[in-house]
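Student: Sequence:
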Amino acid sequence: MHVGDIIQVNDKMQSAYCYELVAPMGKDFSAVFQPHLSPKQMLEMGVFEGKYCNDCVDELPEEWFQNAKTSDKPDAKLNYFGSKSRQPLSVWKQKGWIYGPDPRGWFQWYCRYFLGRRLPKIDSIQIKRWRSFSRHAGQIRANCEPGDIFCRRRQRQALLQWSYDPLI
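Start counting the sequence shown at 7; every next residue gets the next number (our numbering).
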């Protein structure tokens, strides 16, 4: 995928949507957005119970899914920390956490941002949400011994799903 490419989206949640890649993949991020992991790394570590973006493989790079932990049914054992750490999409919608053209929420936005899509208004909202999620890292630092990755596993899984280093 390259700058100038037009990505066509036709999956279970979105059809007839397209966007242009205006930045190189994985580059030219906002100065205040410094995620710790790429979407590929997150999928390989185990996020969203193996159920996220399974029908999006045509939109996203094939290599992102080569070693991804996926399943047809949600399985918390596939998560890196083996614990469930998400709410149903219906809750996200109810709470107003779905923005713009990304019906699956923050991670879908991040995948598209990583690919090179830029939507300044939506990007600003999602980056602010990402930055505010750092409070969970602070809670882990305050309540866990360094190196004890089993302390607050659910919160660590949530950090991973927001591209923060869960192994702090």
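None of these hints come from the bench; they were simulated from the model. In this text the structure is predicted, and so the values were computed from the model without any measurement. Just to be clear, a hint being listed does not mean it is correct.
With a straight-line cut-off of 27 angstroms between C-alpha atoms, the simulated BS3-like cross-links for lysine-lysine are [said to hold, decoys possible]:
no., residue 1, residue 2
1, K79, K99
2, K90, K18
3, K75, K127
4, K46, K57
5, K83, K46
6, K101, K33
7, K90, K134
8, K99, K83
9, K90, K101
10, K134, K57
11, K57, K90
12, K83, K57
13, K90, K79
14, K79, K46
15, K18, K75
16, K79, K101
17, K83, K18
18, K33, K83
19, K18, K127
20, K75, K33
21, K127, K90
22, K33, K90
23, K134, K46
24, K57, K79
25, K134, K101
Student: Look at each hint and say if it fits the structure.
Tutor: A quick look at each hint next to the structure:
1. For the proposed pair K79 and K99, the alpha carbon gap of about 21 angstroms is at most 27 angstroms, so the pair holds.
2. For the hint pairing K90 with K18, the CA-to-CA distance comes to about 23 angstroms; that is within 27 angstroms, so the pair holds.
3. Straight-line distance between C-alpha atoms of K75 and K127 comes to about 32 angstroms, which puts the hinted pair past the 27 angstroms bound.
4. A distance of roughly 14 angstroms separates the Cα atoms of K46 and K57; the hinted pair therefore holds under the 27 angstroms criterion.
5. For the proposed pair K83 and K46, the alpha carbon gap of about 19 angstroms is at most 27 angstroms, so the pair holds.
6. Proximity of K101 to K33 is assessed by CA-CA distance (about 31 angstroms); at most 27 angstroms being required, the pair is judged violated.
7. A C-alpha spacing of about 24 angstroms is found between K90 and K134, which places the hinted pair at or below 27 angstroms, so the restraint holds.
8. For the proposed pair K99 and K83, the alpha carbon gap of about 25 angstroms is at most 27 angstroms, so the pair holds.
9. In summary, the hint linking K90 to K101 is supported, as the alpha carbons are separated by about 19 angstroms, within the 27 angstroms threshold.
10. Distance check on the hinted pair: K134 and K57 sit about 25 angstroms apart at the alpha-carbon level, within 27 angstroms; holds.
11. The straight-line distance between the Cα atoms of K57 and K90 is roughly 12 angstroms, inside the 27 angstroms bound, and the hint therefore holds.
12. As the CA atoms of K83 and K57 are separated by approximately 12 angstroms, the hinted pair is consistent with the 27 angstroms bound.
13. A C-alpha spacing of about 13 angstroms is found between K90 and K79, which places the hinted pair at or below 27 angstroms, so the restraint holds.
14. The hinted pair formed by K79 and K46 meets the criterion: a straight-line CA distance of about 20 angstroms does not exceed 27 angstroms.
15. Distance restraint check for K18 and K75: the Cα-Cα separation of roughly 20 angstroms lies within the 27 angstroms cut-off, and the hinted pair is therefore satisfied.
16. Straight-line distance between C-alpha atoms of K79 and K101 comes to about 24 angstroms, which keeps the hinted pair within the 27 angstroms bound.
17. Pair hint K83 plus K18 holds up; C-alpha atoms about 25 angstroms apart against a cutoff of 27 angstroms.
18. With a C-alpha separation of about 32 angstroms, the suggested pair K33 and K83 falls outside the 27 angstroms cut-off, and the hint is violated.
19. A distance of roughly 25 angstroms separates the Cα atoms of K18 and K127; the hinted pair therefore holds under the 27 angstroms criterion.
20. At most 27 angstroms may separate the alpha-carbon atoms for a hinted pair to count; K75 and K33 meet this at roughly 25 angstroms.
21. Of the supplied pair hints, the one linking K127 and K90 is violated, its CA atoms being roughly 31 angstroms apart against a limit of 27 angstroms.
22. Among the hinted pairs, K33 with K90 is inconsistent with the structure: their alpha-carbon atoms are about 31 angstroms apart, more than 27 angstroms.
23. At roughly 22 angstroms between alpha-carbon atoms, K134 and K46 fall within 27 angstroms of each other, so this suggested pair holds.
24. Restraint check for K57 and K79: the C-alpha separation of about 6 angstroms stays at or below 27 angstroms, so the hint holds.
25. Proposed proximity of K134 and K101 is supported: the alpha carbons are some 16 angstroms apart, at most 27 angstroms.
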